[in-house]
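In order, the protein sequences belong to chains A and B.
Numbering-wise, my numbering puts 314 at position 314 of the first sequence, and it's gapless, one number per residue.
Numbering-wise, my numbering puts 408 at position 15 of the second sequence, and it's gapless, one number per residue.
To be clear, the hints were calculated from the coordinates, so they are not data collected in a lab.
Treat the hints with care, since some could be wrong.
Restricting the straight-line Cα-Cα distance to at most 30 Å, the calculated cross-link-like pairs of lysine-lysine (DSSO-like) are [said to hold, decoys possible]:
id : chain 1 : residue 1 : chain 2 : residue 2
1  : B       : LYS540    : B       : LYS563
2  : A       : LYS237    : B       : LYS414
3  : A       : LYS237    : B       : LYS408
4  : B       : LYS480    : A       : LYS289
5  : B       : LYS549    : B       : LYS397
6  : A       : LYS153    : A       : LYS289
7  : A       : LYS380    : A       : LYS232
8  : B       : LYS540    : B       : LYS551
9  : B       : LYS551    : B       : LYS541
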Amino acid sequence: MNETFNFTSRLKTISIVLMLIGAAALAGGFVVYSGDEINRVWANLLLDSVFFMGIGMGAAFFIAAVYLAWGGFSVVFKRVPEAISQWMPVSAIILLLVLIAGHGNLYHWTHHDAMEHDPILKGKQPYLNLPFFFVRFAFFVGALVICTILLRKTSLKEDTMAAGDTSMYKRSLVIASVFIPFFAVYILVTAWDWLMSLDPHWYSTMYGWYSFASFWVTSIAVITLFTIYLKKQGYLKEVNVNHLHNLGIMMFAFSIFWTYVTFCQFMLIWYANIPEETIYFQHRYGHYKPLFYGIFVLNFVLPFLLLMSRDAKRSMSRLVLVACIIIVGHFIDFYLMIMPATVGDNNGFGFLEIGLPCLFIGMMLYVVFSSLAKAPLVPKNHPFLQESINNSL
Amino acid sequence: MRNKFLVGLYSDEDKMIDGVKAMRESHLEVYDVVSPFAVHGLDDALGLNESRLHITGFIYGFSGLAIALSFMTWSFTSDWPLNFGGKPHFSFPAFIPILFEFTVLSASIGMTLTFLLRSGLYPGRIRETLDERTTDDKFAVVFRISKKTTEEEIGKMKEMLQSSGAEEIKERELSRHY
Numbered sequence: 001m002n003e004t005f006n007f008t009s010r011l012k013t014i015s016i017v018l019m020l021i022g023a024a025a026l027a028g029g030f031v032v033y034s035g036d037e038i039n040r041v042w043a044n045l046l047l048d049s050v051f052f053m054g055i056g057m058g059a060a061f062f063i064a065a066v067y068l069a070w071g072g073f074s075v076v077f078k079r080v081p082e083a084i085s086q087w088m089p090v091s092a093i094i095l096l097l098v099l100i101a102g103h104g105n106l107y108h109w110t111h112h113d114a115m116e117h118d119p120i121l122k123g124k125q126p127y128l129n130l131p132f133f134f135v136r137f138a139f140f141v142g143a144l145v146i147c148t149i150l151l152r153k154t155s156l157k158e159d160t161m162a163a164g165d166t167s168m169y170k171r172s173l174v175i176a177s178v179f180i181p182f183f184a185v186y187i188l189v190t191a192w193d194w195l196m197s198l199d200p201h202w203y204s205t206m207y208g209w210y211s212f213a214s215f216w217v218t219s220i221a222v223i224t225l226f227t228i229y230l231k232k233q234g235y236l237k238e239v240n241v242n243h244l245h246n247l248g249i250m251m252f253a254f255s256i257f258w259t260y261v262t263f264c265q266f267m268l269i270w271y272a273n274i275p276e277e278t279i280y281f282q283h284r285y286g287h288y289k290p291l292f293y294g295i296f297v298l299n300f301v302l303p304f305l306l307l308m309s310r311d312a313k314r315s316m317s318r319l320v321l322v323a324c325i326i327i328v329g330h331f332i333d334f335y336l337m338i339m340p341a342t343v344g345d346n347n348g349f350g351f352l353e354i355g356l357p358c359l360f361i362g363m364m365l366y367v368v369f370s371s372l373a374k375a376p377l378v379p380k381n382h383p384f385l386q387e388s389i390n391n392s393l
Numbered sequence: 394m395r396n397k398f399l400v401g402l403y404s405d406e407d408k409m410i411d412g413v414k415a416m417r418e419s420h421l422e423v424y425d426v427v428s429p430f431a432v433h434g435l436d437d438a439l440g441l442n443e444s445r446l447h448i449t450g451f452i453y454g455f456s457g458l459a460i461a462l463s464f465m466t467w468s469f470t471s472d473w474p475l476n477f478g479g480k481p482h483f484s485f486p487a488f489i490p491i492l493f494e495f496t497v498l499s500a501s502i503g504m505t506l507t508f509l510l511r512s513g514l515y516p517g518r519i520r521e522t523l524d525e526r527t528t529d530d531k532f533a534v535v536f537r538i539s540k541k542t543t544e545e546e547i548g549k550m551k552e553m554l555q556s557s558g559a560e561e562i563k564e565r566e567l568s569r570h571y
């Protein structure tokens, strides 16, 4: 029960090599693209930092939601989402740097003359202005980063307490119940700020849920991948096929949730057929048509069919396959939120689009594995530990 | 046709599960277990195959989807084409909510009816109960006694029931779907 993850030098090398590839791609991007084309580099930086931060944030939400629901099944592999959530503070800093350096290239509304001659943007000025933009960032992301760090600390402290002491569990419940309301507003506000304001004239009330559904199912897929990796390496002996089944159910369910939310947003706009609203899909339908249909195949049809049966959810190889499909599919989903508004028809899948995610994956692997190595892989005094070990479906 | 059954009644489900496991290990064929609530781990102890009900659910759901899609396509495009706000007659996004609802409806009704039929339940059916206390607080382990069952085997069944903690052992004659 005292097993600790060993962050081997091989894994370190892999993550550092990934980081170097990504850094080279980024540097190459700044060299190759100049003038108006530089937007492509900024758009990719925004895409990767928002997407990978969403994964860390989703893992923190996973822990908080399980605490508040008094859930027991995830306790044996609780350190995995915890370690992934430790990546969130790092990625928040990266995103902040990208926004500070790149807001002029990314967001049309940051330019003064654009604001002055545009009555619609002028009406939105009380909300869409740079000081308030960064205040919102600091307020919501700061609060969630603090909650995430506290949740991790409380969980580690629980290990050192006497057996049967639930004071740390109760403290975690309090932190989680502070986390959730902040998170609820955070997902709406940040989706408007970072993604929706790329098209500053357009708005949709479903947008926050849509982007939340996307990164939430991605982080469940990432949790599944890390859990299966640790299991394959011989760690996490108490994790059995029933826990993986639960994760499979969550991937299946939230893929359907994503489809529901996405289709709701699309159908209302399609039905009403108001030009100011349909322009969003007009941009995504012409040049981006294959991707627009592709995400429905990758994020709905394939997970739905591949994970439908009970046996599929209990098979490791099937879960890994579907988790990879989901991660790629939702990366493309975020690509579709960002690219049409920033680079328009000049998009592409080049060295930048492939290389830059490597930078973020490398950093994420490094942070996650080093936080995994810092603490025992199975929490010790969690009151639901035995319930989690006995979990069966 | 009447069948003979040997019934052992337990009031503790843990003893009952351990008993069932021991009986299956000594190659006795447990016909059924009747319990007032779903007992965790009983399916594994009895060695039951996975239910095939959800496969019928998929078939009903898929048929519902196909029926709804073909009916809407037929009625909106060829039987009675109407102009709704200038949209094409075959407007797939508008069909999706109905497709979803009809799929769920077909799957749920179909599965319910299949389950009832398979369990021998229909309006007017009066079922014999194995023991009325199995609807309250008793767990019954049931063996079927056919013509081939030897006295020796019956003795062994009784002994196993007794040793695993059955409080009451009796023989009953019932129809196959008791």
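Which of the numbered hints are not met once you compare them with the structure shown? Hint check: 6 fails alone, others pass.
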